[in-house]
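Asks: Residue numbers (my numbering), protein chains in the order written: chain B, 921 to 1000; chain X, 5 to 452.
Honestly, the hints are just simulated from the structure, not real lab data.
A portion of the hints provided could be inaccurate.
[What the hints assert, rightly or not] In silico lysine to aspartate or glutamate, DMTMM-like type, Cα no more than 25 Å apart, as pairs:
id, chain 1, residue 1, chain 2, residue 2
1, X, K17, B, E982
2, X, K9, B, D942
3, X, K210, B, D987
4, X, K45, B, E982
5, X, K328, B, E964
6, B, K973, X, E361
7, X, K9, B, D963
8, X, K60, B, D963
9, X, K7, B, D942
10, X, K9, B, E952
11, X, K17, B, D972
12, X, K7, B, E982
13, B, K967, B, D987
14, X, K245, B, E982
[What the hints assert, rightly or not] Residues from chain B shown here face chain X by an in silico Cβ test under 7 Å; the list is partial:
id, residue
15, S945
16, N947
17, I953
18, D987
19, W988
20, L989
Glycine residues also receive a C-beta, built at the ideal position from the N, C-alpha and C atoms.
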Amino acid sequence: MKIKSNIATSGNGFIFNPATGDSFSGNAIASEILAAMNRGETDEHIKADILDKYDVRPDQLEQDWEDWLVQLRAANLLEA
Amino acid sequence: MQKLKYERPFIKKLNAGVMNKFATGNQSNPVTEIDGVPVKKLITEHGSPLFVLSEKKIRRNYRAALRAFDTRYPKVQFAWSYKTNYLNAVCNVFHQEGSWGEVVSGFEYQKAIKNGVPGNQIIFNGPGKKPEELLLAVQNDSLIHIDHFNELYTLIAICAGLSQKPRVAIRVNMDTGTYPLWDRFGFNYENGEAWSAIGKIIASGKLQLVGLHCHIGTFILNVSAYEKATTKMCDLAMRCKTDLNNPIQYLDMGGGFPSTNTLKGAYLPGIDTVPSIDDFAEAITTTILNFGFKQTELPLLILESGRLLIDDAGYLLGTVIANKRLSDGRRALVMDFGVNTLFTSFWYDHQVSPAQEFNPHLEPMTLYGPLCMNIDTIRENVNLPLLNAGDQVVVHKVGAYNMTQWMQFITYRPGVVMIAETGRVELIRSPETLEYVEAMENQVQYSK
């Protein structure tokens, strides 16, 4: 999944969509994932990095990833 | 290398609306123990969901309420409202503290007797007393609060063959400026029905009119309503003495005092808006003291408070079964307790706290129960940390009406423990089992 190219993110979890004027705040891991998505990394690569770095089971991450994409879609941050 | 602590990713839209000028405390701080007993230990030993009652808090509430009244008025008696919570362990704490029993059915009456409450310290209220229950109350010299004319004439008929004259009061309903008017119970003050009932009681020669009773509503937030009610009750009492030469021994002002729960639809939390028991006590006692009774003829003041004395002494512990997203992106949690267990979630926005430490990120979410029914919503919108399946929560101020109005519906009713003042945890009601639920069913002989 790719986030829209015009979405601005900051290192401390602030997200701004200049097309709609909506702004969001996220937790640390959300910022990290958004930064990776901004760099064009694939979902699988991002998830593998998270599993390496964080104490989380793969099935839990898979479940949370689904939830993450729902949030991005609801916030209108994903490319169509 | 040790891995970092994981938290599921989330984003929250920032709204640039008008800020709420009323600051409220963060209600999502974790509550990891109750009266010094870890929540995790309670759930491990007694399962989830689980009701927890604090004996220390019950006694503290009772003493505070009694103090509010007896420091302002010389003759005060509390009667524990059985319907609020009639678990014997709870009733007996109140009886130990000196409370009489206030019951509204034959079933509750039997419970009070079984709990050792002397018959003459049981107040029998309610519109549905059966003749045999009335007879028992007469024989036990209980205080019978007559609700309607049918009951009055039934009681007179019961007493026809008895030498005993039962001690009775009438329940009076009245306009106190609150809505709705609770005129379905008792005799109306304004239209003269109450005075007429009093006249019939005296004229019968079979009953002793010793008191007057009212209960103007429930969760009353308006102190002045009690002032109006007390004035009208005092007026009736004074007329009983002057016009009928029948002095009234007690005024029972009922209950209806609110706890600090937040009513659904309220803008501010209950903790910020609910008057204190001292406010109610001041209104009631000042009105009686200023009404003109001689010092030696002041009636005993009886109070039947329930909710105020037990609500914040009760907690419901529960566990997250699942978390999910609704179609519009909102977060929802499925809990292991529903409206069948937490009946008062129909009335209140109960405060819910996580039972373990979380980071400070909050997410707005809906809390659903486990019932396969669309009505099973515990909180429509609450800010909570990022809870996962298996995480535990504490629901606050659930001591009143839940352990009596809960329903055996779809799931079993959970166990109830009481944390004694010593810190000992007592299982005061076991969780239900299939055998318990089916115990009253009978085998059917089918034709096929």
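Asks: Hints broken by the structure, by number, lowest first?
Replies: Violated hints: 2, 3, 4, 8, 9, 11, 14 and 20; rest satisfied.
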